[in-house]
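S.K.: First to last, the protein sequences are chains A and B. Residue 251 in this note's numbering sits at position 247 of the first sequence, with consecutive numbering throughout. Residue 196 in this note's numbering sits at position 192 of the second sequence, with consecutive numbering throughout.
It is worth saying that the hints were derived from the structure and are not from the lab. As the structure is a prediction and not an experimental result, all values here were calculated from the model. Treat the hints with care, as some may be off.
In the DSSO-like style, the derived pairs of lysine-lysine whose C-alpha atoms are separated by at most 27 Å in a straight line are [as the list claims (entries may be wrong)]:
no. : chain 1 : residue 1 : chain 2 : residue 2
1   : B       : 49        : A       : 35
2   : A       : 49        : B       : 314
3   : B       : 174       : B       : 14
4   : A       : 49        : B       : 315
5   : A       : 49        : A       : 228
6   : A       : 315       : B       : 49
7   : B       : 315       : B       : 271
8   : B       : 49        : A       : 314
9   : B       : 35        : B       : 271
10  : A       : 49        : B       : 35
Chain B residues, not near chain A, derived (Cβ > 12 Å throughout) [to be verified]:
no. : residue
11  : 41
12  : 71
13  : 92
14  : 126
15  : 182
16  : 270
17  : 314
Every residue, glycine too, gets a C-beta built ideally from N, C-alpha and C.
Number of protein chains: 2
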Amino acid sequence: MLILSENDVKQSLSMREAIDVMEQAFITYAKQDFIMPDRIFSQVKEEDTFLLMPCYVDDCIGLKAVTSFPSNNERSEPVTQGVIMINDRETGTPIGLMDGTLLTAIKTAAVSGVAMRYFKKEATTIGLIGTGLQGLYQLLAAIESTEAEKIYVYNRTPEKIEPFKKEFHKLTNQTVEVVTSDTVEQLIHNSEIIITATTSLSPVIPNDATLYKGKLVVGVGSYKENMRELPEELFKSAAYYVIDSEDGKRECGDIIDPIQSGWVENKNIVLLSDLIIGNRNYEPSSEEPIIFKTVSMALFDALIGNYVYKKAQEQNVGVVVEI
Amino acid sequence: MLILSENDVKQSLSMREAIDVMEQAFITYAKQDFIMPDRIFSQVKEEDTFLLMPCYVDDCIGLKAVTSFPSNNERSEPVTQGVIMINDRETGTPIGLMDGTLLTAIKTAAVSGVAMRYFKKEATTIGLIGTGLQGLYQLLAAIESTEAEKIYVYNRTPEKIEPFKKEFHKLTNQTVEVVTSDTVEQLIHNSEIIITATTSLSPVIPNDATLYKGKLVVGVGSYKENMRELPEELFKSAAYYVIDSEDGKRECGDIIDPIQSGWVENKNIVLLSDLIIGNRNYEPSSEEPIIFKTVSMALFDALIGNYVYKKAQEQNVGVVVEI
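Excised from the complex, chain A in its bound form (with noise of 0.2 Å):
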């Protein structure tokens, strides 16, 4: 078996990559040649949870097994900390156990950089809201998919903002002027595109739509059903709501809100993978905004853990060890 360290994962695994295997699962996805059973969310203790993530698709059975535990926050565990397991899907056998909290952050940016590629690669200007470990990754992904040359940040917490700047300009080359934005509003004026990668319970960004005009609003850290990052009146204003997956219509509260309330119309929502494939049409105006929000599934989390297994095998990166 086949073990990878998150400097093991780092090592086998380009941003570039890392969205150029997104996007074939995009179209994996669109053409359902992939088993995903429900996943298990469960609770360990108080707040603190567990989720089983399983997928099988090409030759790999795919498992992704995460801690969430807020109770970290008084530890100096990180809250969120996974590992994805791989084992043959010929035979079964486990051949590949990996890091999978670092790989969760490049693979959650990977599917906005499929996004951003496919609505705004020829963008500019970025924004991002929220500059945790998620933010720094959405901007690799930000810089491999647009010609982003001036990006904006945005921070509750302004002191998160310098060392912020420092880890970003370590793990990139290209040369990107990093701005911060002392106001959300601010941002959202300079930006073509804007992240929102926090895990608010309620909108980051301002409830007006006329600031969103022709521009990608791309959400990313809502992930469950009591968070919601974006308002009202910009899900009213978009022609359509572009989503990553049918079950965030369940899991995500910047999904299940819109849809509860009215703002979006089922009908309306519409999965980045039909518009890649072309299963549907979708050519925003330069008036309305464009939302996309991920939240993300098993079969991505499978299809890059194999990934990262073949390339490090073939690179010898990682420790063998016998089970």
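Given chain A, put chain B in place with the hints provided.
M.R.: Chain B alone, transformed into the frame defined by chain A:
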């Protein structure tokens, strides 16, 4: 993360210890001091399946992930392959991964060992039907939990018996005689405990209640709805039917069939855990058979996995990898 191969597991756990851990596990089960989400059982391709069994107990998150691939019968790989992963319940961090194939055989045998110790620790004769890996470990559990001096073995395919005997004597120092029985009837006649460890869809012992008076019948093999090793008259002649898991009532043909056919009343199905902690009482007479059936559960896997993890760590067994 500590990685333990099959050999490391073998080195870290004696059968005696496994039986003791399982006895404690029955007490934990009776006290309901654990969280056990529904398992995910799903098809990977054709008859090949993947099973995920999580359980949170003591200081661990335990997860058993097992593939069952009948298609491997045409290959050199084993049909069943699995791992057990242990995460720290306090922080969520993944800390151990071990071979789950052998450990499952040891654990299943240890569960039978608890029942044999409880009902028949003075037995000197054991009969085993089915000489696979499971049967091998059942015998090791039998000699640990009884006064076994003579063991009778039967297999539908007699050529498998000699290699089985050799393998058995390799695994134990105890002087115990292993004798081939030419017929199942002969085996039953000679044995105080009869263990069935096959994957048969229909009974492997005769449908004649007079054969089993005063004996303990341990059903191990059947684990699916369509499998049944034990016959109608056996069930009808027993005062109680002792099982290890409440969930067995919807998982296993050897429990489903007797209930649905009315051979056993639900009130006469007793959990071994309830006997062990004295919640219920059962004094078998020498005129009736005692029947014990194990289907096991994620709780047992988590507890044995956690025990092996800690023991291996203490003894510096296994390989530590960064993940």
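S.K.: Give a verdict on every hint.
M.R.: Hint by hint, here is what the structure shows:
1. 49(B) x 35(A): holds (17 Å)
2. 49(A) x 314(B): Holds, at roughly 22 Å.
3. 174(B) x 14(B): Holds, at about 13 Å.
4. 49(A) x 315(B): Roughly 25 Å separates the two Cα atoms, so the pair holds.
5. 49(A) x 228(A): holds (18 Å)
6. 315(A) x 49(B): holds (25 Å)
7. 315(B) x 271(B): violated (40 Å)
8. 49(B) x 314(A): holds (22 Å)
9. 35(B) x 271(B): Within the cut-off at roughly 20 Å; holds.
10. 49(A) x 35(B): holds (17 Å)
11. 41: violated (4 Å)
12. 71: Contrary to the label, residue 71(B) does not stay out of reach of chain A, its closest Cβ about 3 Å off (not over 12 Å).
13. 92: violated (9 Å)
14. 126: holds (40 Å)
15. 182: With a cut-off of 12 Å, residue 182(B) remains clear of chain A, as the shortest Cβ separation is near 31 Å.
16. 270: holds (28 Å)
17. 314: holds (18 Å)
Checked against the numbered hints listed earlier, the structure breaks hints 7, 11, 12 and 13; every other hint is satisfied.
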